[in-house]
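Enquirer: Here is how the chains run, residue by residue.
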Amino acid sequence: MLDARAIFSRQEDTAIRSPRAQLDRSLSPGEVADSPSTVLPEPFGRWFAARGWTPRAHQLALVEKARAGRSALLIAPTGGGKTLAGFLPSLVELQGRTNAGGAPVGPGRGLPRSDGLHTLYISPLKALAVDIARNLETPVREIGLPVHIETRTGDTPVSKRMRQRRNPPDILLTTPEQLALLLGSADAPYLFGGLKRVVLDELHALVTSKRGDLLALGLARLFRLSPHLHSIGLSATVADPQELCRYLVPQRAAMPAVADLVVAQSGAPPQVSMLEPGDELPWAGHTARYALPGIYNLIKAHKTTLVFVNTRSQAEMIFHELWAINDDGLAIALHHGSLDVAQRRKVEDAMAQGRLRAVVCTSSLDLGVDWGDIDLVINVGAPKGSSRLLQRIGRANHRLDEPSRGILVPANRFEVLECRAAIEAVADNAQDTPPLRAGALDVLAQHILGCACGQPFDADQLYAEVRTAAPYSSLTRTDFDAAIDFVATGGYALRAYERFARIRQGRDGRWRVTHPRFAQSWRMNIGTIVESPMLKVRLVRSRHAGKGPGGTIARGGRVLGEVEEYFAEGLTPGDTFAFAGEILRYEAIVANEIYVSRTDASDPKVPAYAGGKFPLSTYLAARVRTLLADPAHWLQLPDAVREWLAIQRFRSQLPGVHELLVETFPRASRHYLVCYPFEGRLAHQTLGMLLTRRLERARLKPLGFVASEYALAVWGLGDMGAQIGDGRLRLADLFGEDMLGDDLEAWLAESVMMKRTFRSNAVIACLIERRFPGKEKTRRQVTVSTDLIYDVLRKHQPDHILLRAAGADAATGLLDIRRLGEMLSRVKGRIVHKRLERVSPLAVPVMLEIGRESVYGEAGDTLLAEAAGELVREAMGGA
Amino acid sequence: MALEAGEIAVGGQTFVGDACGALYWPQQCLLVVSDLHLEKASSFARCGILLPPYDTATTLARLSEAVQRYRPRVVIALGDSFHDTDAVRRLREPDRAALLSLQRGRDWIWIAGNHDPDPSTGVGGVFQASAVFGPLTFRHEPAAAVDGGEIAGHLHPVARVRARGGSVSRKCFAGDGRRLIMPAFGALTGGLNVRDCAFAAVFRALDFTAHMLGRARLYAVAAARCLPD
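Note that the protein sequences, when read in sequence, are chains A and F.
Residue numbers 24 to 902, in the working numbering, belong to the letters of the first sequence in order.
Residue numbers 35 to 263, in the working numbering, belong to the letters of the second sequence in order.
Pulled out of the complex, with its shape left as it was, chain A reads as follows:
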C-alpha cells in the first residue's frame, strides 16, 4: 500500500529523509521571502516539525501566491514535491476557514456543509487521482484539518456521484472528462459557484492533446461560474513556460493574461550515458536484442531499475528475453497500457513495496506517483526528444541532491547517433516540448453540446467565454458559428435536417437541447480519447488439448489485456505471439474477444514494430544532422559507428546540416532513391506516398517505398539516377513544396491514415456514438461507417467542419504534414544528388527495413491482386 509518504516523502525525499542536507538547500537565504513560520499557520509548522521535515521554498511560494490572490504555475522536476505544493494553499485556507468560523474542529464527515466545493484537482490519470486522495488523508488527519476529500472517476458509484453534486466535499479529485460531465449538469452553477481553487496536475502532459483542449474549455467555464477562482498548474520543465501560464488564466482580447511562474530549484544534473555497444551493433531493427546481457547486468548491479521502451511489442520482447537469461531469478515485471488494469496495479504496488528489481515499461509509466527507490533508468531505443528523456530519467532517484542516473541503449546505428545527440541535449538541459496547440474544432463541438445539456446558452456569451480559453483565444466567430451549426443540424450545406436538430434556439434566443436523449448520448460519449479499436485477450484451454479437433473452446478464462484490432486481424489460428509476458497461441475471435491458449512455442510471432507514437523531435533531429555532418564530433561515438560514417564519406558523402542528401543506385534489377530528411517515420511515409505519385507521373514506374525515422527509400523500374543526372528529372521539382497541394489532396481521398483520423473526429464531435444507452455499438461498426461518411462528405462538402478538423489533425498527427512542409521549405535549393554504383553505408539501415515494413503503404489493390494471384497459382498448381 502507498501511504502518505508516497506523496509527501517519496516526492519529498530531500525534504524528509535527509533533513540535515535538506535544510540548508531548500531554505537558502533569499529564496524565501518569509520564514516558514510566518507563511504557514501553526498546526502545519508543528506537523512538519514533528516529522522532522521542512517545507520547501516553492511550496511556501505557492501559499503566498494564493494569499495574494494570484494564479500560479509551478515548474518542478520529478521529486520536487509538486503535489504537496499544489494542495498546501487549499489546506491552509480550509484550516483558516474553520478557525474564523469558530466551528468545532473534527473529522470532515458529518459537518454541515455551508461552503461547498473549495478545491478541484484534475489529473490526467484516474489512478493518480485516487492515489493522491488516499495519500492526502494522512496529513489531513494528523494536522487535524476538518477537510473532506473525495474522488470522482468513471468507477465512482452512481449514488455517490449524485450525493457529491448535492453535498460536495471540500476537495474533489477528478479527471478532465469528469469535469466536463459535471459542467454539463444543471447543478454546475451551484456546485462550482463558490469554488476557490483548481489544481491541474501534470499540465505539461495534458496540454499536448485534445484532452487539454477539453480541459481548457472546462476551465473557462469554471472561471465564469466562480468569480473568486484561482488556478495552480503543476508541470515538469517545458520549453516555453509562458504558454502554460497563459493556459491557466482567462485570456482577454486586448492582452494575454498570464499566471505567475514559480520555478522550483532544480536538483543535481542527471548523469546519462550510453551502453557501450560492441561490434555486434545491428544495422537496423528495434529489438536491441544484442544488448540484453548488458541490460541484465545493469539490473543486477542496481537496486531497482526502470527499463523504458517505445512500444508495447518491444516491451513484450525485452521482458521475454530478460526472463530467458534470468538465472538469478530477479523479480522483473512488465507494465504497458494494454495490460489488464488489475495486473498493472499489482505491478505498481509491488514496485511501491520495493519488491521488484526491474520493470520493463512503456510510456504507461511516464506519469503517475513515484514508486520505490529507483536508482537507474534504462531507455531502450530512440530517446525521441530531450524533454521526454529528461522526464523519464527523472524517474530515478528522488533525492534532489544526488543525480538521477540514466543509461541509453541504442537498438541500431542511427539510434546511436540519436542517443549521442540526446546525451548532449540533456547536458545542455535543452527542452523540446511541443508548442501549445490550437484548440480542435471537434472538441469545441462536444463542449457546445455539453453546455446545452447543462443549461440553455446564449451564443454571444459562450463565444466570449470560449475565447478566454488559451487554445481557443484566436477562434473566429465564423468557426464558432460553424461548430454550433454542426451541433444543431450537422452543419451541412444542404440544409436537410432542420427538423431533426439536436439543439435549437428558443424564443429567448438561447440554445437548448431538443430532447433528453441527446443529453444522455452526450454523457455516454464524452471525452477525447478515441482508442484504436481493441479486442480483449482471453486465456482459454487450447482446442487441441480438448477432446479432438472438434472440441469446443472452454469459455470464461482470465482476461489478460487488450490488443489492437488490426493486430488481431493479421492472425490466423495457430499463430503465436508474445503478450502479457507469455507466448500465446491464437485460437479464435469470439464477439469482441480473442481467445488464446498457452503454448510452449519458443519463437513467438511478435507483432511487427509499429513505430512509437512520438516521432523524433525537430530539435533532436537537427542535433543528429549536426553530429553527422561534423567528424570532429564523432570522437564520442563507438568504433563501429565511426567506421560506418567514415566509409559513407568515402563512398558517397555525408548529409550537410542544412542539405537534403539524395542517393540513387541500382540493385538487383531495380533502381533505388534514398533520401535522409531525419523528420520521423510519419512525415517520411507521407513523403513516400507523394513521391511515388510524382515518379509514377514521370513514368519511372515506382514499385514501393519504405520509411524509417531517419530516411526514406523509394524503388522502381525506371532509372531515377540517370534521369536526375541528365536533367530530365529535376530534384527541385520532385521535392517541390507544391506536392502538398493537389497531390496531397488526391491522396487524402483514399488515405487509410486520414480515414482513421476522421473516425476519431467524428466520435469526438458526437457525430457518431461510440456508446449507446443499453447497447454497446461495436467499434468495428463505427469504423466501417465513418470511412463511408468520409467518402461521401469529401465529395460533396470538402470544407465541412469535421473535414477541417481532420485536416488540422493530419497536419501534426498521423500524416505529420506540417513537418514535411517545413522540411521541404528548409531544403529548397539545397538538395544534393549523389549517383552511386551501389548501396551506400548510410542507406543500408533503411534498405534492411524493406520486407519488414509493409510496402507501398496503402495500395490495397496491389495486395488484393497478390491475394487473388495466389488463388490462381493454387488452382493451376493443383491441375
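Check before you lean on any hint, since a few could be wrong.
Distance windows between CB atoms, simulated [unchecked claim]: (1) Q102/F <-> E845/A: 42 to 50 Å; (2) P169/F <-> N615/A: 25 to 33 Å; (3) D504/A <-> P151/F: 48 to 56 Å; (4) G211/F <-> S848/A: 57 to 65 Å; (5) M547/A <-> A234/F: 32 to 40 Å; (6) P151/F <-> M547/A: 50 to 58 Å.
By construction, these hints were calculated from the structure, which means they are not laboratory data.
No experiment lies behind these values; they were computed from the predicted model shown.
Note that beta-carbon positions come from the ideal geometry of N, C-alpha and C, so glycine has one too.
Once you have looked at the hints, place chain F on chain A.
Expert: Chain F only, in chain A's frame:
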C-alpha cells in the same frame, strides 16, 4: 466455360461484375444493383445521428455511371432500395428527378426488400416481389433452395484477405455458380463478412468465391481463403 476477369457464372449464364458493385448480364442487356438504401442518412437523422445528407445523391451518381457504361434494356434494383418505408417521401426533388431520368428508355424493376416491402408512388418502375429471366430468379433474400439459379442481395457481403502482415477488406459478390449474392450498392451501406454463419447457411459450405471489388476490376478469392472477422 472459360471466364474472363470480372466474369461471373450463375446458373450457366455469364455475367460481368463491375467494380462499382453492379452486375451486368450481356445476353439479356440487363443491369442488377442491390441494397441501394436510399435516404439512409435522413433515416438516421430522425434519431439525431446527423450523417451527411448526400448519400442518395452519391449512390444515384454512381448508378448513373453504371447505366451510362452498359446502357441496359432492363435495370433490376434487388430490394432495400429505400432505407425505410418513409424514404420515398423524403427524397429531395433533384434526386427524384435524377432517378426518373435514369429510367428513361428502359424497364425498371423494384424488387421488394425487408426495408421497403411495399410499392411506392412517384419513383417510376414496376414493383415486384421477385423477377424471373430465363433460368434465373432475382429476389431480395436468398431462398432456402435454388432452382436453376438465383441472384439475391440482402446480406451485404464483405470479404477480407490477409496481405503482407495486414489485411484488406472490400465489398464483394459471393457466388458458387448456382447462386450469387450481390454487394450492397448504397453509399452508406456497411457489410457482413462472408465468413459469417449467414453465408454458411446460404451456401451450405465454404466452396464459394468472393469477387472482391477493386478500384477498377474484381479480384476473385476463394471463401476458404478469406479471413473471418
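Enquirer: Take the C-beta atom of Q102/F and the C-beta atom of E845/A, compute their distance, and say whether it sits inside 42 to 50 Å.
Expert: 45 Å, holds
Enquirer: Please check whether M547/A and A234/F have a Cβ separation lying inside 32 to 40 Å.
Expert: 35 Å, holds
Enquirer: Is 48 to 56 Å a correct range for the gap between the Cβ atoms of D504/A and P151/F?
Expert: Violated, at about 43 Å.
Enquirer: Within 25 to 33 Å: is that where the Cβ-Cβ distance between P169/F and N615/A falls?
Expert: Given a distance of about 43 Å, which is not inside 25 to 33 Å, the answer is violated.
Enquirer: Given the hint of 50 to 58 Å, check if P151/F and M547/A actually sit that far apart at their C-beta atoms.
Expert: 33 Å, violated
Enquirer: Holds or violated: the 57 to 65 Å window for the beta-carbon distance between G211/F and S848/A?
Expert: 59 Å, holds
Violated hints, listed in ascending order, are 2, 3, 6; each of the other numbered hints is respected by the structure.
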